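**Q** Listed here are the chains, written in short residue letters.
2 protein chains.
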Amino acid sequence: MILIVSVVMLLLEAGRSSSSSASGLENQIFQYIDLHQNEFIKILKEWVAVESDSVQPRLTQEVTRMMEIAAARLQALGATVELAQLGTSQLPDGQSLLLPPLILAELGKDPQKPTVCFYGHLDVQPAKKEDGWETDPYTLTESDGNLYGRGASDNKGPVLAWINAVETFKALKLDMPVNFKFIIEGLEEVGSPGLEKLIKDKNQLFFSDVDYIVISDNLWLSNRKPALTYGTRGSICFFVEVQGGERDLHSGTFGGIIHEPITDLIALLDSLVDISGRILIPGIYDDVSILTEEEKKLYESVEFDVEGHKNISGVKKFLYDNKEEILMNMWRYPSLSIHGIEGAFHEPGIKTVIPIRVIGKFSIRLVPHMNISIVEHQVKQYLEDIFSKRSSPNKLMVSVPLSAVPWLADINNTLYTAAKGAIKTVFGQDPDMIRDGSTIPIARMFQNITKKSVMMFPIGDADAGEHSQNEKISRSNYFQGTKLFATFFLEIAKLHEQLQEASTMKTTN
Amino acid sequence: MILIVSVVMLLLEAGRSSSSSASGLENQIFQYIDLHQNEFIKILKEWVAVESDSVQPRLTQEVTRMMEIAAARLQALGATVELAQLGTSQLPDGQSLLLPPLILAELGKDPQKPTVCFYGHLDVQPAKKEDGWETDPYTLTESDGNLYGRGASDNKGPVLAWINAVETFKALKLDMPVNFKFIIEGLEEVGSPGLEKLIKDKNQLFFSDVDYIVISDNLWLSNRKPALTYGTRGSICFFVEVQGGERDLHSGTFGGIIHEPITDLIALLDSLVDISGRILIPGIYDDVSILTEEEKKLYESVEFDVEGHKNISGVKKFLYDNKEEILMNMWRYPSLSIHGIEGAFHEPGIKTVIPIRVIGKFSIRLVPHMNISIVEHQVKQYLEDIFSKRSSPNKLMVSVPLSAVPWLADINNTLYTAAKGAIKTVFGQDPDMIRDGSTIPIARMFQNITKKSVMMFPIGDADAGEHSQNEKISRSNYFQGTKLFATFFLEIAKLHEQLQEASTMKTTN
Numbered sequence: 001m002i003l004i005v006s007v008v009m010l011l012l013e014a015g016r017s018s019s020s021s022a023s024g025l026e027n028q029i030f031q032y033i034d035l036h037q038n039e040f041i042k043i044l045k046e047w048v049a050v051e052s053d054s055v056q057p058r059l060t061q062e063v064t065r066m067m068e069i070a071a072a073r074l075q076a077l078g079a080t081v082e083l084a085q086l087g088t089s090q091l092p093d094g095q096s097l098l099l100p101p102l103i104l105a106e107l108g109k110d111p112q113k114p115t116v117c118f119y120g121h122l123d124v125q126p127a128k129k130e131d132g133w134e135t136d137p138y139t140l141t142e143s144d145g146n147l148y149g150r151g152a153s154d155n156k157g158p159v160l161a162w163i164n165a166v167e168t169f170k171a172l173k174l175d176m177p178v179n180f181k182f183i184i185e186g187l188e189e190v191g192s193p194g195l196e197k198l199i200k201d202k203n204q205l206f207f208s209d210v211d212y213i214v215i216s217d218n219l220w221l222s223n224r225k226p227a228l229t230y231g232t233r234g235s236i237c238f239f240v241e242v243q244g245g246e247r248d249l250h251s252g253t254f255g256g257i258i259h260e261p262i263t264d265l266i267a268l269l270d271s272l273v274d275i276s277g278r279i280l281i282p283g284i285y286d287d288v289s290i291l292t293e294e295e296k297k298l299y300e301s302v303e304f305d306v307e308g309h310k311n312i313s314g315v316k317k318f319l320y321d322n323k324e325e326i327l328m329n330m331w332r333y334p335s336l337s338i339h340g341i342e343g344a345f346h347e348p349g350i351k352t353v354i355p356i357r358v359i360g361k362f363s364i365r366l367v368p369h370m371n372i373s374i375v376e377h378q379v380k381q382y383l384e385d386i387f388s389k390r391s392s393p394n395k396l397m398v399s400v401p402l403s404a405v406p407w408l409a410d411i412n413n414t415l416y417t418a419a420k421g422a423i424k425t426v427f428g429q430d431p432d433m434i435r436d437g438s439t440i441p442i443a444r445m446f447q448n449i450t451k452k453s454v455m456m457f458p459i460g461d462a463d464a465g466e467h468s469q470n471e472k473i474s475r476s477n478y479f480q481g482t483k484l485f486a487t488f489f490l491e492i493a494k495l496h497e498q499l500q501e502a503s504t505m506k507t508t509n
Numbered sequence: 001m002i003l004i005v006s007v008v009m010l011l012l013e014a015g016r017s018s019s020s021s022a023s024g025l026e027n028q029i030f031q032y033i034d035l036h037q038n039e040f041i042k043i044l045k046e047w048v049a050v051e052s053d054s055v056q057p058r059l060t061q062e063v064t065r066m067m068e069i070a071a072a073r074l075q076a077l078g079a080t081v082e083l084a085q086l087g088t089s090q091l092p093d094g095q096s097l098l099l100p101p102l103i104l105a106e107l108g109k110d111p112q113k114p115t116v117c118f119y120g121h122l123d124v125q126p127a128k129k130e131d132g133w134e135t136d137p138y139t140l141t142e143s144d145g146n147l148y149g150r151g152a153s154d155n156k157g158p159v160l161a162w163i164n165a166v167e168t169f170k171a172l173k174l175d176m177p178v179n180f181k182f183i184i185e186g187l188e189e190v191g192s193p194g195l196e197k198l199i200k201d202k203n204q205l206f207f208s209d210v211d212y213i214v215i216s217d218n219l220w221l222s223n224r225k226p227a228l229t230y231g232t233r234g235s236i237c238f239f240v241e242v243q244g245g246e247r248d249l250h251s252g253t254f255g256g257i258i259h260e261p262i263t264d265l266i267a268l269l270d271s272l273v274d275i276s277g278r279i280l281i282p283g284i285y286d287d288v289s290i291l292t293e294e295e296k297k298l299y300e301s302v303e304f305d306v307e308g309h310k311n312i313s314g315v316k317k318f319l320y321d322n323k324e325e326i327l328m329n330m331w332r333y334p335s336l337s338i339h340g341i342e343g344a345f346h347e348p349g350i351k352t353v354i355p356i357r358v359i360g361k362f363s364i365r366l367v368p369h370m371n372i373s374i375v376e377h378q379v380k381q382y383l384e385d386i387f388s389k390r391s392s393p394n395k396l397m398v399s400v401p402l403s404a405v406p407w408l409a410d411i412n413n414t415l416y417t418a419a420k421g422a423i424k425t426v427f428g429q430d431p432d433m434i435r436d437g438s439t440i441p442i443a444r445m446f447q448n449i450t451k452k453s454v455m456m457f458p459i460g461d462a463d464a465g466e467h468s469q470n471e472k473i474s475r476s477n478y479f480q481g482t483k484l485f486a487t488f489f490l491e492i493a494k495l496h497e498q499l500q501e502a503s504t505m506k507t508t509n
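Chains as they are written, first to last, in UniProt numbering: chain A, 1 to 509; chain B, 1 to 509.
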């Protein structure tokens, strides 16, 4: 087994080094992409022009229209397309609304080739010129090398870059290096209702012959250096309820004679983290994976602008000064944040109330290999211990309304090796290997349900302004991204073939 | 001086004991009141029928009509009545609304007699049958010895009891024992806008010849035992703002690398009171008046149902077990209550936000002889010390949006002695000498501006249901209250005369 792995690694390395400069085939592809920039921009412009805002129910029709346009485009490439219905949702006014369909598409079924499934979404966040856009958000506008428009980066641009890459092979009448599958949704911006169920339902059919899953719905860490994302933190949210009676009391009439529930709650919340941000719950760090030398090196090579990140946050000083510590505490160590209190006075001004039932809310970001049940037990035990020491007559109730496990991929597997090779070819450098400190459920959801290799494969623009005004994709990233995906197809096909050969070697030996 | 005071005390004691059973004059008055119960109820019914709800601007006309009805009643008694205009207020829709006028009335100007000014209000809290009233709130309805209706206790009943008492003297063609002044407003339930300014404006004219001010707008502590209120706590409210940047951050992206402002705030709030409710701010108790043996005895004799009070609060266990400690901590010791946090997440559900600017809100109830400026300085100093030890890069700002000094009357002065005497005559027992833990500005406002003796003189019904459904005054308290006020007029006249004689003795000696 060890021998086989070494052989595979060797083959992978060989495959990778061979693509460190573009081949003739690659150059042919790049040339085609460069020559057809105007067409690719025209399509992006057409797609951005559709106000496929999934947040506002009145625009659902536009999301559906967007899905139909994309379906037609995939069909034109020769793909088999299914528009999967997700049912209806209930509006606040009681009316039910037909949800926009989700695209499931397939192109190619050659058992000799790997099958790569691409996930993307074509719905967008709301945008209005009056929000502070310098140009009309639904009219793609080029300025200073950037293409401005809602959805340019999130996520119409990357979806089109992938489709354009596929189209390039077709236009050049090249053999498709891989079989393609597409899962493209129209409800990402509202939390992807129905997606998890659909993946589960389709796991035995649609996903059974998928080898790799690629998501391109995030960003590089810097504007200059390509990145691959291999992990996201999980989270566990806690409600800490302290109740003292049935109704709020007047602090004049009862202040000084009762155990105020909020005093208990504040003491509990104050026991969670110390001044340095360290979580005080006993045992909480026990299962955090140990930092290996290999992982440590990843942080050293990441291009990360600490001052720039401070500027984005608006915060003057971080808890750590050096880049590595900051990255590790964002990505690979747990953190605890207190979000607020429900049931207390929260408005401007003053109300001299003794709130009688208060719910403190905090969450812990989870990292490998923390276990949700263990953390839940540790936190509950700790809070109950502290509370019991107060001898308060109030009632404590700790609950977990929401939790999600972290996601971590093996960055030495074929998928990541292929992407690194493609990046080296197109950008002439190695990517930043990054994680995301927040809890993005999509990668984890695909990995947990399908058990396939999953990679988040962004194509650029750390300053894309997703969800914000003046969202954009740079012209360069749109086309370099298209080249990157095309190169990746070749790379993964080659590595996959080598892998299969190695596997055959093992069988025949 | 000491001699004179002793003489006065002796005279006051003599005056008091002489009224421990009703005189012939008093019996004549009581008989009249008993015989005219139906008329007095009829008037209360008419007054309750006016929906003089000052909370809803659309009913302002009804408040004005109520003021005019009361003005006419006082004029019928021979009083000179001024309807003082309070100007206009701005409605949320931008329209301006003419505020209901305030009654300033005078009856009698005999320089030999003391002048007693009565304060009351004729506006009421909103009430609708659908709120859970068993009877129509604006139709005074008698049941089981109680008169149910909005304003029956708060405050139309007590205002009428006073006016009925005056009317009784007039009807019986008795010499008025005192000169009367009335200040009756229609905006008490909305915070008495304009009242403080009016008292200041009228201080040199209307109030210059007033000797005593009586307010009858609160309740006894029990349903059985009469009470006199001689103090209220003050309060000082604090805003503790901790700011870390310009905008809220995502706890996934920034959790673990920044000093979260709410963590600082929670630590500050947690440093304010200990488990037993004791305020931890150094020096805060230094100026709290020392408990004298005389004051201690007052608490022992107060009739206070600890279990009943627990039931009202809905709280299972108080910080103290015995009556005296509970009362002292409600009335004569400071307390600190945390009200809530502005700027943090406060809704149901979960939002994994790092709030970047949070404002903790708490208040301290002040008691004699705490000084607002000193307390403000102590609290600010303490919070700044604790904050500086955290070495947080966040910004702390502590401010005081609101403060009010406590009110305490001298219970040995003529006003209280007269009221105690009247209570002994009418109810055959000594009153509970009580305070209020909350900050009722009215008594303090009168005392501070006019420098006159002020007394809060309730006529009953601990279970009156003020501001609640099924508000009522018991039939018995309405008429006993009328008798009490009439007796009080005689009592204060007598004591005032004795005081003046003592004063003359001093001058002639």
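Just so you know, these hints were derived from the structure itself, not from any lab.
A few of these clues could be false.
As the list claims (entries may be wrong) - Straight line, CA to CA, 20 Å or less: simulated SDA-like cross-link-like pairs of lysine to any residue:
#1 Lys351(B) to Lys45(A)
#2 Lys317(A) to Ser391(B)
#3 Lys225(A) to Gly428(A)
As the structure is a prediction and not an experimental result, all values here were calculated from the model.
**Q** Compare the structure with each hint and give your call.
**A** Hints, one by one, checked against the model:
| no. | hint | verdict |
| --- | --- | --- |
| 1 | Lys351(B) to Lys45(A) | violated, 34 Å |
| 2 | Lys317(A) to Ser391(B) | holds, 11 Å |
| 3 | Lys225(A) to Gly428(A) | holds, 10 Å |
Checked against the numbered hints listed earlier, the structure breaks hint 1 alone; every other hint is satisfied.
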